[in-house]
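Residue numbers (our numbering), protein chains in the order written: chain B, 1 to 167; chain H, 1001 to 1201.
Treat each hint with caution, since some may be false.
Derived DEER-like restraints, expressed as beta-carbon distance ranges [as the list claims (entries may be wrong)]: (1) B:Leu-146 - H:Ile-1044: 23 to 33 angstroms; (2) B:Arg-101 - H:Asp-1043: 27 to 37 angstroms; (3) H:Leu-1027 - B:Ala-66: 29 to 39 angstroms; (4) B:Leu-140 - H:Ile-1016: 13 to 23 angstroms; (5) B:Trp-132 - H:Pro-1065: 43 to 53 angstroms; (6) H:Lys-1052 - B:Thr-126: 53 to 63 angstroms; (7) B:Asn-82 - H:His-1192: 39 to 49 angstroms; (8) B:Asn-82 - H:Arg-1175: 49 to 59 angstroms; (9) B:Ala-59 - H:Val-1014: 52 to 62 angstroms; (10) H:Asn-1070 - B:Phe-133: 39 to 49 angstroms; (11) B:Ser-77 - H:Glu-1189: 37 to 47 angstroms; (12) B:Ala-66 - H:Leu-1029: 27 to 37 angstroms; (13) H:Ala-1015 - B:Arg-101: 53 to 63 angstroms.
Since the hints were derived computationally from the structure, they do not count as laboratory data. Even glycine gets a Cβ: it sits at the ideal position worked out from N, Cα and C.
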Amino acid sequence: MRNRVLRLRSESGTASRTTDRRALPVWVLAFALMVPVLTLAQAVSDPTPLQYRDAAEEARFHALAAELRCVQCQNQSLADSNAQIAHDLRREVLTLMQQGRTDAQIKQFLVDRYGEFVLYRPVMDTRNSVLWFGPVALVLGGAGVLAWVVRRRSRQVQPMGDSEERW
Amino acid sequence: MSDPRPASRPLPPVAIVIGVLFFFGLLGLMIYGVMKSGAPDRDILPSALIGKPAPAFALPVLHDPSITVNSSELRGAPYVLNVWGSWCAACREEHPILTRFAETKRVRVIGYNWKDEPTDALRWLEQLGNPFVLVLTDIEGRTAIDWGITAAPETFLVDASGVVRWKYSGALSQRVIETQLIPELEKLERDHAKPRATPAE
Chain B
1 MRNRVLRLRS ESGTASRTTD RRALPVWVLA FALMVPVLTL AQAVSDPTPL QYRDAAEEAR
61 FHALAAELRC VQCQNQSLAD SNAQIAHDLR REVLTLMQQG RTDAQIKQFL VDRYGEFVLY
121 RPVMDTRNSV LWFGPVALVL GGAGVLAWVV RRRSRQVQPM GDSEERW
Chain H
1001 MSDPRPASRP LPPVAIVIGV LFFFGLLGLM IYGVMKSGAP DRDILPSALI GKPAPAFALP
1061 VLHDPSITVN SSELRGAPYV LNVWGSWCAA CREEHPILTR FAETKRVRVI GYNWKDEPTD
1121 ALRWLEQLGN PFVLVLTDIE GRTAIDWGIT AAPETFLVDA SGVVRWKYSG ALSQRVIETQ
1181 LIPELEKLER DHAKPRATPA E
């Protein structure tokens, strides 16, 4: 549909300015860049960039945003994501920082609303202790089984010895 | 090596049974994971608000911004809160299904117009019809953060005492309404019909 619109417009473009043929592709390109803005309604968003008070605050903000996960594009951090909600949350995080909240308080603020998922490094508690200790338990269990099997085998060396000598 | 016990020949049956169970357990987990990975809603996060009081808010009404509705004013009866925006394509898809549900008048369906231009929102409702008893606007999206909203559409069910009971992310389908929303609503209606043995929280 966009192509058809483009073609229609470019035809009218050639009709009106047949003298300057070189200007046409630039004009078409400019129009093509405008089309998405024209056709899709956009969510309201504040276009002003985040205002940091000083470099230290900016550094702290970036460090914190990299620790938080974007709630919509889940494999991006809040710092990287371009999603609408990520914009809003970055703004909120900076506002909370400027209100004097600590990093831990800001993380808790987001966890209360979006769940623990927002943390790239979730805190350990009883519910997720299996995830923290499960692998260690499996390795220890495996080592135990291995030790047990090896011990059993070593007892069987005696009877196996005879048969092996035949080879 | 001076173990007086003679070495047993094969593995004891218990060890074999444990090994086999372990293997099938892992296999089952893997199959479960593979099946889950195909689910369309696998990225949906459970709401952190379920079972907790809905966030306190004061939001202007779309049709008359001079009126502000307080969250406490909505107590007393359950309500469904549907997050939408005129910029949201999936909301348009959801609209007829939501309208059909709202028309049953089983519960108040309240619109939450998120990050939208009021004129666009009004035009949207005019074009498609307004299924909501009330539409609240959150142009800045600040209150939406308190609700843990990530994307539109999202739908919440809040009970009479203001506790969030259910949330669905994504466009509602007839199936979701029948298998999730209505059963949750029935639960609320049963609780409400029962004489209160315990004081409300």
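Results for each hint:
At roughly 41 angstroms, the beta carbons of B:Leu-146 and H:Ile-1044 sit outside the given window of 23 to 33 angstroms. Separated by about 29 angstroms at the C-beta atoms, B:Arg-101 and H:Asp-1043 satisfy the suggested range of 27 to 37 angstroms. Restraint check, H:Leu-1027 to B:Ala-66: a C-beta distance of roughly 38 angstroms satisfies the suggested window 29 to 39 angstroms. At about 22 angstroms, the CB distance of B:Leu-140 to H:Ile-1016 agrees with the hint of 13 to 23 angstroms.
Between B:Trp-132 and H:Pro-1065 the Cβ separation comes to about 50 angstroms, which falls inside the hinted range of 43 to 53 angstroms. About 19 angstroms separates the C-beta atoms of H:Lys-1052 and B:Thr-126, a value inconsistent with the hinted range of 53 to 63 angstroms. Roughly 44 angstroms separates the CB atoms of B:Asn-82 and H:His-1192, a value that falls within the hinted 39 to 49 angstroms. In this structure the hint that B:Asn-82 and H:Arg-1175 lie 49 to 59 angstroms apart at CB is violated, the actual value being about 32 angstroms.
The hinted range of 52 to 62 angstroms is satisfied by B:Ala-59 and H:Val-1014, whose Cβ atoms lie roughly 59 angstroms apart. Taken as a hint, the range 39 to 49 angstroms holds for the pair H:Asn-1070 and B:Phe-133, whose Cβ atoms sit roughly 46 angstroms apart. The hinted range of 37 to 47 angstroms is satisfied by B:Ser-77 and H:Glu-1189, whose Cβ atoms lie roughly 43 angstroms apart. A hinted range of 27 to 37 angstroms holds for the C-beta pair B:Ala-66 and H:Leu-1029, which are about 32 angstroms apart.
Here the CB-CB span from H:Ala-1015 to B:Arg-101 is close to 56 angstroms, well matched to the stated 53 to 63 angstroms.
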